[in-house]
Each structure stands twice: as C-alpha cells, then as structure tokens.
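Each chain, letter by letter, is given below.
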Amino acid sequence: MLSRPLFRFVRDDRRINFMRGRHMGLIVSAVLSIASVILFFQPGLKLGLDFRGGIIVEAQTPGPADFGKLRAALDHAGIHPDAVQAFGSPRDVRISINAPEGADREAQTQKLVDGVKSAISAAEPGTQVLRADAVGASVSSELFRDGLLALGFSLAMILIYIWVRFEREFAISAVVTLILDLTKTVGFLAITRFEFDLVMVAALLTILGYSTNDKVVVYDRIRENLRKYRTMPLRELLDLSINETLNRTLGTSMTVFLAALPLALFGGSTLTGFATVMLFGIVVGTSSSIFIAAPLLLLMGEKRLRKEAVAD
Amino acid sequence: MMYYSRLRLLGVAGICLIGVLLCLPNFLRSPSPSLPWRQIHLGLDLRGGSYLLLQLDLKSLEHDRLQSLQDQARQTLLDRSLGYRDFARDDATASLSFMPRSDAERDAALKAMQSLPPVVPNEFTTSEKDGRIVLTLQHEAMLARAREAVAQSIEIVRRRIDATGAIDPSIAREGDDRIVVELPGVSDPERIKSLLGTTARLTFRLLAPNPSVASPGSTMLEDESVHTQVAVQDHVDVDGTDLTNAGAVIDQQSGGWAVTFQLNSAGATAFANVTRANVGKRFAIVLDNKVIEAPNIINPITAGNGQITGGFDARSASDLALLLRAGALPAPLSVVEQRTIGPSLGAASIHAGVISLLTGLLLVIAFMVLFYGRFGLYADIALFANLILMVAILSLFQATLTLPGMAGMLLTLGMAVDANILINERIREEVKRGRGPLQALQAGFDRATGTIIDSNATAFLAHVMLFVFGTGPVRNFALTITIGIVTTLFTTLLLSRLLVVRWYALARPKELPV
Chain A
1 MLSRPLFRFV RDDRRINFMR GRHMGLIVSA VLSIASVILF FQPGLKLGLD
51 FRGGIIVEAQ TPGPADFGKL RAALDHAGIH PDAVQAFGSP RDVRISINAP
101 EGADREAQTQ KLVDGVKSAI SAAEPGTQVL RADAVGASVS SELFRDGLLA
151 LGFSLAMILI YIWVRFEREF AISAVVTLIL DLTKTVGFLA ITRFEFDLVM
201 VAALLTILGY STNDKVVVYD RIRENLRKYR TMPLRELLDL SINETLNRTL
251 GTSMTVFLAA LPLALFGGST LTGFATVMLF GIVVGTSSSI FIAAPLLLLM
301 GEKRLRKEAV AD
Chain B
1 MMYYSRLRLL GVAGICLIGV LLCLPNFLRS PSPSLPWRQI HLGLDLRGGS
51 YLLLQLDLKS LEHDRLQSLQ DQARQTLLDR SLGYRDFARD DATASLSFMP
101 RSDAERDAAL KAMQSLPPVV PNEFTTSEKD GRIVLTLQHE AMLARAREAV
151 AQSIEIVRRR IDATGAIDPS IAREGDDRIV VELPGVSDPE RIKSLLGTTA
201 RLTFRLLAPN PSVASPGSTM LEDESVHTQV AVQDHVDVDG TDLTNAGAVI
251 DQQSGGWAVT FQLNSAGATA FANVTRANVG KRFAIVLDNK VIEAPNIINP
301 ITAGNGQITG GFDARSASDL ALLLRAGALP APLSVVEQRT IGPSLGAASI
351 HAGVISLLTG LLLVIAFMVL FYGRFGLYAD IALFANLILM VAILSLFQAT
401 LTLPGMAGML LTLGMAVDAN ILINERIREE VKRGRGPLQA LQAGFDRATG
451 TIIDSNATAF LAHVMLFVFG TGPVRNFALT ITIGIVTTLF TTLLLSRLLV
501 VRWYALARPK ELPV
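Chains A and B are the protein sequences, given in the same order.
Reminder that position 201 of the first sequence reads as 201 in the numbering used here, one-by-one numbering, no gaps.
Reminder that position 158 of the second sequence reads as 158 in the numbering used here, one-by-one numbering, no gaps.
The hints are simulated quantities; they were obtained by calculation from the structure and are not laboratory data.
Positions of the beta carbon are idealized from the N, C-alpha and C atoms, including for glycine.
Hints should not be assumed to be uniformly reliable.
Chain A regions said to be covered by chain B (calculated; three or more residues, Cβ under 8 Å) [to be verified]:
1) 19-28
2) 68-80
3) 141-155
4) 184-190
5) 249-261
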C-alpha cells in the first residue's frame, strides 16, 4: 500500500490551458470584488462586540427559555435590550445591548451587564450565566484601530518581502491578487452576517498569509522556468508553471481545508464563524493562485519579466 | 543532504525526546513542588473566569494635582508677601492662573512660581499671558504620574483581590494608564468590580461654620446618613494614609454594624489636637467625597482609635474595613471592559477544541497517506512530532492556551504538511525526468527548501503583525501559529527528511514510492 500513492488530483502529464480563460477569470474576479465592496458599504458588516462596544450576556435557563418572561423582567428592570434571541439549544438565550450614549457611558455599560444578570436570574431562578461581556466604547474603537493596523502592516510586509525576494512585477501582482481575495472575503462576511470582530481579523490575516504562500510557490516556479526556457512565450510558460505546481496547490489547499473543517463543524460559537470564513478564503485563495495571480503577470508585460530574469 | 552525521541524528532525536519530556507535566494533576514542572496555563475562555480591564482616571489625577499646586502656589505667594487676585483653576486646559497685585511684583511672582518643587521632572510650565501668570501641567509629565499611579494601584488592587479569597489572580499593567485583572474561576465578578471601583480615600474634616451654604475654603458634599448637602472644609485634618488597621464589628450601643479603625502615632496626635480644640463642633468622616457621618465631638479622642457607624450591613462594613486596610487608590479606577466565561461554557470549549483538533489531525493524516504513500506516512510522523514540540514550547514558556490558540495549532498542522507536499512533488518531477532515486531525492530536497522558507516567511510576518497589534485571544492565536511555523521548519526540514534518508539507506530501493 505504501509503495505508491493511491490518489492524485490531476495526472502529471495533464496540461490544462488556464491562460485561455484568463480574461474570463479576471472579469469574474473583478465583478465579485466590486460587488463585495458595494456590500461592504450597503448593508455593511455586522460589527461584533469587540468593535461596536456594548454588552452580550449568554445564559442557560433550567427549562426551555420563556422569552416573553425574560423580556418582561428586563423591561421591569429598566433595561431595553436590542436583541433577546435563541442560540444553540432552546434553553440558551443571548441578550445583546448596544453601547449606551452619553457622558458616563463607560460606567453605564458596566452597570448594565450586572443589571441584566440579576434581572434574568430573578425571572428564571437556576439560570446559569455562560458568558457576560461588556466592552466600553473607548476600548472598542481602540480595538478596531489596532485590528485595521494589523491588516495594513501585514499587507505592507508581504509586499516588501515579495519585492525583495522576487521582482517588482511579482510583488505588485501578488498584492493586487491579495486585495481581490480580501475584498471577496469581506463581501462573504457581509452576506453571511457573521460578526466582524477581532477573531475575524485573525481569520483575514491567516487567509492572507495562506494565500500569499500559495502565490509564492507558483511565482517561484515561474521564475525558475523563466531562466530555464529562455525562448518559450510567456503565456505558454505561465501555463506550464501552473500545471507543474497544480498537484501541490490543490494538495496543500486540501490539507488546510481538512484542518479548518472540524473547527467549522464542532468549534462552538466562537470558532464557527472564524472557520467558515477560513474555508471560504482557502477556496478563493486557491482559485486566485491559478486564475488571477499568473494572468496578472502576463498583463504586466513579457518584455520586462524576461529582461529582469535574464539580468539576474 | 543524503548523509546524516551521527551527531545530527542524535540532535534531532534529542530535541524530539526533550519535547516529549516537556509535554509530560501537562498530564499530571498536581506536580510535585520540588521539581521544576512547567505547564501550559489554560486561558479564561477554557477554564472559566473573569477578565477586567481597568482604566485609571487621568482627569481626576490632574484635578487633584491642580488643587494641591494651587494650595502650594498660594502659600508661596503669601510667604513672600506677594499679592494676587483672581486666582483661577481650569481643569479643561489643566492650568492655573492669577493676576499679580502690581506690575512691579510680576517678575517676583513668576520667580516664586518657578521655584515651586515639581513632583516629576518638567511637571508644569510657567508663562505670562495678558498680564496673568499661568501654570500649565504638561501632558507627558502627567502620563509619567499616571504610570506611577498605576504601579501603586496594582499593589492595592492585589491586596484587595487577595482579601476576597480569589485564587491565582493575575494583575498586570497595560499601556500607560490601564490594568488588566484576570480572575480564574470567578464567574460573578460584581463584588470585585465594586471593590475595585471604590477609591477608598478616607478623610476627617471639620464642617464649615455654617454647614448649609458653601463658603470659600469649603465644598458642599452629600451627607449619606441624612441625604442632604453639607458644607465641609477643604482642609484635611487627618486622612486614611495614617490608618494602621480597620475591622468590622457590631456596635454595642445600637446593635448595628460599624467599622473600627486604629491610627498610627502621627495620626493619633493630629486627631487628638483637632478634637481637643473643637469640642462641640461637628467632625465629618468623608469617604470618596461623600460624608458617611458627621458626629458632634463630645470628648477629645486621644487614643487614636475610633468607630464609624453609617448604616452598614455585615457585607458593606467588612468591605469598607477591607478597603481601608488595603489602602486608597491614588486615582479612581473604572472598569472599561469585562469578559466573563461561566465554568460550563469553558468545559464545553475545551471539549470543542479537543474534538476539532483530533478530527482535523486524523483527516490530514489520512489524506497524506492516501495521496503520498510511504512519504506521506513519514510526513504524518513529523506532524505528530510537530504537535508535541508546539505543546512543549508553550509549556516551557508557561504560555496560556485559549480556544483560538487551539485553532492556531490545528491550522499550523494543516499548513505544516505543505512542506512535505512540496518536497514530494519535486521528487516526483525529478523521477519523471528520468533521474535515479538518489539524485531525485537529493534534487527534491534541495530545490524545495528555498520555496519552503519563502512561503513560511510570509506567514510568519503576517502573524507577527497580528501578535503585535492583537489583544487577548487573538494574540494567543498569533502566538501558537508563530511558534508552529518554527516547529514546522524543524520537523519538515530535519525530521521527515531524516526518516526518508534512513529508509533509503536501509532499503536501497530501485524505485521511489512517489
């Protein structure tokens, strides 16, 4: 059994003409990304507690939750939640309130979380508080800023790294492709209404790192082939490089996908959104390595790539 | 690269063995204290507990300093017989200003202000504007003061939390003016929040001659015992820093709860002097700008102890005693972020994390064997070593593991086999080109190494950024991935290659299983 691999994704001698579909690929990608940008503004992302501030209390009632009773108890305590909803089992209740306005809103936020807890345990004795989070408005805006800084710096570092290790054309194509990937993932977030919070920023950054990795491997092969086949037309050379690395591209995508899949299925409320977005990002990143990153190089022009490769 | 020296062989095996040893303490419930056991700490999201982020009130620190600076300035002007009028304090611009009595005295007044001793270097600037002399507190200096105040506060916060009996709390500074408190196992942090939200600055001051109206040198404060406003003199006769002890007792006359206190000798002397000179007058006990009670002084109190009765119950009396014993905070702290995880959710998260980790590991292992045969199996052995080394490094640094951290481990394992896939595909290509087994292995290893380092470097950079800018659980995710990238380079470039090389040396195959 161990003497030969049992499966392959594609036969080694298979040569798929990817470059023929390059215009189609770029157009589809551009349309999806533009649509995602529109979705980003309207309806926009659903901000998580980290970035919007406010409170979330998750509790488990002893019997099936009586939402009317809980709402009445909160109302009686002078608390007007933005949402009282079920999640998970019928005994699980999630109460969320946006950050209050006004001068002493930080103190108000902290008072609210205690108020909610005592109101629901009075209404349903034996209620277990699973989670109680309260994030003040000043903290949430700092977290948001730090999250965006992390994303921005990562993109910049990747650009610099590829620029140093490869040539300018590769760096620019890579970053353009990454931005296209990133916008689609943001569009996916806007459609699925997963909450955008710090963990989601981590997901975006992981996708970014993973997708870059994928591009680096393809670019590495293109650079090698540029030196090896000095007379081959660029279009043909790009096709050859993609085909040669195709089994690796699909193989690695598969292992990362298999690793993220159980997180999406069993990861619980914290990780389901994170892992689902990861899965989407893996699919997008893999297809952009094949259909976007290399065709962009072709657009950048054959002459310059040749010249620089020879000059090396 | 096809030859491994004995030394290198021992090195790789040794590192794996050390990794296994470092993992072991995590499986022991209560390690012997005499051994240097190091375990991974479970994060609050896994073990349940509360996280509180406290913010020091910088404005209040500024306000207090402006007030004391104003007193100092007035005293200095008085001592040097310099006149002034219209002495103003502006909290918004953090400045004081006054008009000298005459133009002739302006230079002397300015010099007097410059001679005031700063608490920290470059604390304030003195200048002239429209004939007025202006003292402005400097923001940098106030931040330095805030850092000092945070350091003091951490001590006091620790004493207060220890007194509640919380187990294994962690209290640390964050930035210039914040404190992070982590309380494992505390799922109801309300009492601790209210204890930390109290400054507990106790002062004893005389009431103004006419307590119903505010007059210069006095301030209207809420009297909590009768719910009215009374004018209390700004001058503090005795304050809480002179307390040596405090306790909750049942008052023998009324039968209600009371708090007794004991003053040190300096405090006792001051207390005796004030009470002796003011028999018959009312003496206010002020806690955080609220009057707890304002009894008449019947007899001079010379022993340096006393009792506060202010409508306490058992809980509030013992809390106040606790706060007085722990000392006052230099400035108010407020909670700006709270995260509490109940114990049942923590247990469910551990379960979810472990199930995901095992399932993911199994799926990747199965994929590698099915798609890469014998070399896939070697990659799986390396994968297992990778997991052990990650746990070993986390244990060595006694790092915290959270649910996102476990996700980071799993994704690392998914990414780790990428290096094996790269090498395998490369070897396969070389074989197709007609090279013999040895040359194919050699070329495969050599050519793939550069690609492996390139692709890991970019992921490394992205996660270092996430570690620098992230907070809490996200930081933990970035940490495990960053550690994972390092262990991946070891297990793929050294360990799985070693396995392939040893197999080749022993089996001497005519054909490679690719």
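A quick look at each hint next to the structure:
{"no.": "1", "hint": "19-28", "in the structure": "violated (count 0)"}
{"no.": "2", "hint": "68-80", "in the structure": "violated (count 0)"}
{"no.": "3", "hint": "141-155", "in the structure": "holds (count 7)"}
{"no.": "4", "hint": "184-190", "in the structure": "violated (count 0)"}
{"no.": "5", "hint": "249-261", "in the structure": "holds (count 10)"}
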